[in-house]
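Chemist: Chains as they are written, first to last, in this note's numbering: chain P, 575 to 683; chain X, 471 to 790.
Be aware that one or more of the hints could be misleading.
Claimed, not checked - Below, a sample of chain X positions facing chain P; criterion: calculated Cβ distance under 10 Å: (1) A504; (2) V505; (3) A508; (4) A537; (5) S549; (6) P624; (7) L748; (8) L758.
Stated by the list, open to error - Chain X is faced by these chain P residues, among others (derived, beta-carbon under 7 Å): (9) A588; (10) I612; (11) M621; (12) V625.
By construction, these hints were calculated from the structure, which means they are not laboratory data.
Bear in mind that the values here come from a model prediction, so they are computed numbers and not experimental data.
All residues carry an ideal CB built from backbone N, CA and C; glycine is no exception.
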Amino acid sequence: MTMVATAMAGGSLAQYLIISGVLMSIGLAGFLTRRNLIVMFLCTELMFQGVVIAMVAFSRWHWEVSGQVFVIFILTVAAAEAALALALVVLLYRRRDTLDAEAWTELRE
Amino acid sequence: MPTILPYIATAASAIGLLLVLASTQRVFRLIGSAVGLAGLAWLLWLASSLGDGIGDVATEVFFLVFAALAVTSAVRMVSGVKPVYSALFFVLVIMAVCGMLVVLEAFFIAFSLVIVYAGAILITYMFVLMLAQQASDTEHESEIPQYDRAPRDPVSGVIVAAIFMSIIVTAVFPAISQMTPASAADRAQSQADLLARLPRQWASSVDGAPEDVVWPKTTQEAMGAIKVGVDGLVFQGVTSSGQTFNAPIDRLPGNTQHVGWSLVASFPASLELAGVILLMAMFGAVVLARRQVEHADEALAASVGDTHAGFEDDSPEAGL
Numbered sequence: 575m576t577m578v579a580t581a582m583a584g585g586s587l588a589q590y591l592i593i594s595g596v597l598m599s600i601g602l603a604g605f606l607t608r609r610n611l612i613v614m615f616l617c618t619e620l621m622f623q624g625v626v627i628a629m630v631a632f633s634r635w636h637w638e639v640s641g642q643v644f645v646i647f648i649l650t651v652a653a654a655e656a657a658l659a660l661a662l663v664v665l666l667y668r669r670r671d672t673l674d675a676e677a678w679t680e681l682r683e
Numbered sequence: 471m472p473t474i475l476p477y478i479a480t481a482a483s484a485i486g487l488l489l490v491l492a493s494t495q496r497v498f499r500l501i502g503s504a505v506g507l508a509g510l511a512w513l514l515w516l517a518s519s520l521g522d523g524i525g526d527v528a529t530e531v532f533f534l535v536f537a538a539l540a541v542t543s544a545v546r547m548v549s550g551v552k553p554v555y556s557a558l559f560f561v562l563v564i565m566a567v568c569g570m571l572v573v574l575e576a577f578f579i580a581f582s583l584v585i586v587y588a589g590a591i592l593i594t595y596m597f598v599l600m601l602a603q604q605a606s607d608t609e610h611e612s613e614i615p616q617y618d619r620a621p622r623d624p625v626s627g628v629i630v631a632a633i634f635m636s637i638i639v640t641a642v643f644p645a646i647s648q649m650t651p652a653s654a655a656d657r658a659q660s661q662a663d664l665l666a667r668l669p670r671q672w673a674s675s676v677d678g679a680p681e682d683v684v685w686p687k688t689t690q691e692a693m694g695a696i697k698v699g700v701d702g703l704v705f706q707g708v709t710s711s712g713q714t715f716n717a718p719i720d721r722l723p724g725n726t727q728h729v730g731w732s733l734v735a736s737f738p739a740s741l742e743l744a745g746v747i748l749l750m751a752m753f754g755a756v757v758l759a760r761r762q763v764e765h766a767d768e769a770l771a772a773s774v775g776d777t778h779a780g781f782e783d784d785s786p787e788a789g790l
């Protein structure tokens with residue numbers, strides 16, 4: 575049993591995956607229910623956090639750093655997404671003067 | 471263990487989340503958070519009973535504390551009516567996640583998450599939130615816009631999230647008992663593998679080695695030289711005069727070296743691609759922002775009849 579204890583400190587892999595899934599689900603629920611554009615994008619970032627936990631837990635479990643390297647790429651994509659999405663949100667806000675996603679149900683000129 | 475139990479726990483958590491999301495009354499929100507946390511604790515307890523890998527008590531306690539902090543902050547972030555508070559609670563989520571990563575010994579990722587997410591991305595979100603905030607005085611509930619106070623169809627949203635969580639439970643629970651974690655020998659091999667490729671790391675990794683030691687040249691040699699001792703890894707070396715010695719390995723290549731080596735050795739193309747993505751995102755943001763300034767200028771110039779007024783009004787946004 576001591577052998578296994580060195581393999582995964584603090585919680586089993588299943589517990590980390592459950593927490594990862596819970597964060598992902600909360601982010602999903604938030605993305606579907608919130609109407610504020612910025613908070614919706616924050617919820618996608620929350621889903622990213624769930625993925626990060628799963629990646630690193632698997633990385634620790636298999637003792638293989640590729641999972642952690644992929645977190646760096648997730649960070650890159652998240653940063654790019656934040657820059658573009660927020661630029662778009664500012665653009666949309668200046669046009670309609672609201673952050674309500676419902677104001678953009680008909681996307682056309 | 472009956473297989474239905476994890477789904478009941480998931481449903482309980484979902485009901486709790488729904489109460490917190492949809493209700494405006496404090497009592498229901500408190501009941502919802504209690505039900506949700508109980509469901510989550512049950513789910514975690516069910517997960518702990520299958521598969522091994524429970525660490526010592528201290529790390530388990532840290533994991534549970536960080537997990538509870540992450541989930542409660544996430545729920546408050548999703549259910550809060552003030553976007554700025556949501557962003558701040560997201561910072562708390564990141565901190566809790568980073569705590570879990572530290573428990574998992576992913577130190578480099580943990581600290582880069584704090585710097586990049588909590589330090590950079592969230593600041594961008596805060597800037598935009600401040601820019602787009604309509605009422606600067608949001609002390610009163612009534613001044614918060616309607617779209618922040620009333621969620622859109624919380625029942626369907628939570629049902630979708632619960633189905634998603636059930637799929638994860640279905641995938642995780644049966645599979646986990648068939649997986650075996652990396653053994654101590656695997657870890658030693660991984661360390662030796664990296665040490666063999668970083669020859670200059672040897673001298674600073676092995677404590678108390680003689681001056682004329684012959685360091686291993688190949689991965690095979692390095693793996694043969696590293697043994698799993700009673701209290702950690704031991705380096706079995708040979709000096710140039712043919713004497714053998716044992717020395718403990720104190721400063722092995724750490725997590726940062728592992729990640730860095732894997733990044734440049736295993737994923738060089740992805741690294742270049744990540745750079746291109748960031749560059750493209752920067753170009754995209756600049757193009758979008760420039761278009762916005764021109765558009766606002768035209769509108770202002772048309773309404774005021776003075777071209778200079780638009781420039782003065784828009785200078786803060788242009789800087790973004």
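Chemist: It remains to establish, for every hint, whether it holds in the given structure.
Modeler: Against the structure, the hints come out as follows:
A distance limit of 10 Å between C-beta atoms decides the matter here; for A504 of chain X the minimum to chain P is near 16 Å, and the interface restraint is violated. Interface restraint check: V505 of chain X against chain P, minimum CB-CB distance 14 Å, threshold 10 Å, status violated. With a cut of 10 Å, the hint placing A508 of chain X at the interface with chain P is violated, because the nearest CB-to-CB distance is about 13 Å. A least Cβ separation of about 5 Å between A537 of chain X and chain P falls short of the 10 Å threshold, and the interface hint therefore holds.
For S549 of chain X, the shortest C-beta to C-beta distance to chain P is roughly 8 Å, which falls under 10 Å, so the interface hint holds. Contact between P624 of chain X and chain P, as hinted, is supported at the beta carbon level, the nearest pair being about 5 Å apart and thus within 10 Å. Interface hint status for L748 of chain X: upheld, as the beta-carbon distance to the closest one in chain P is roughly 6 Å, under 10 Å. Using the Cβ-Cβ criterion of 10 Å, the hint placing L758 of chain X at the interface with chain P is satisfied: the shortest such distance is roughly 4 Å.
For A588 of chain P, the interface hint holds, since its Cβ comes within 7 Å of a Cβ in chain X; the closest pair sits about 4 Å apart. Evaluation of the I612 of chain P hint against chain X yields a held restraint, the C-beta minimum of about 6 Å falling below 7 Å. Interface hint at M621 of chain P: violated, since its Cβ lies 10 Å from the closest Cβ of chain X, which is beyond the 7 Å cut-off. The restraint placing V625 of chain P at the interface with chain X is violated, with a minimum CB-CB distance near 11 Å, outside the 7 Å limit.
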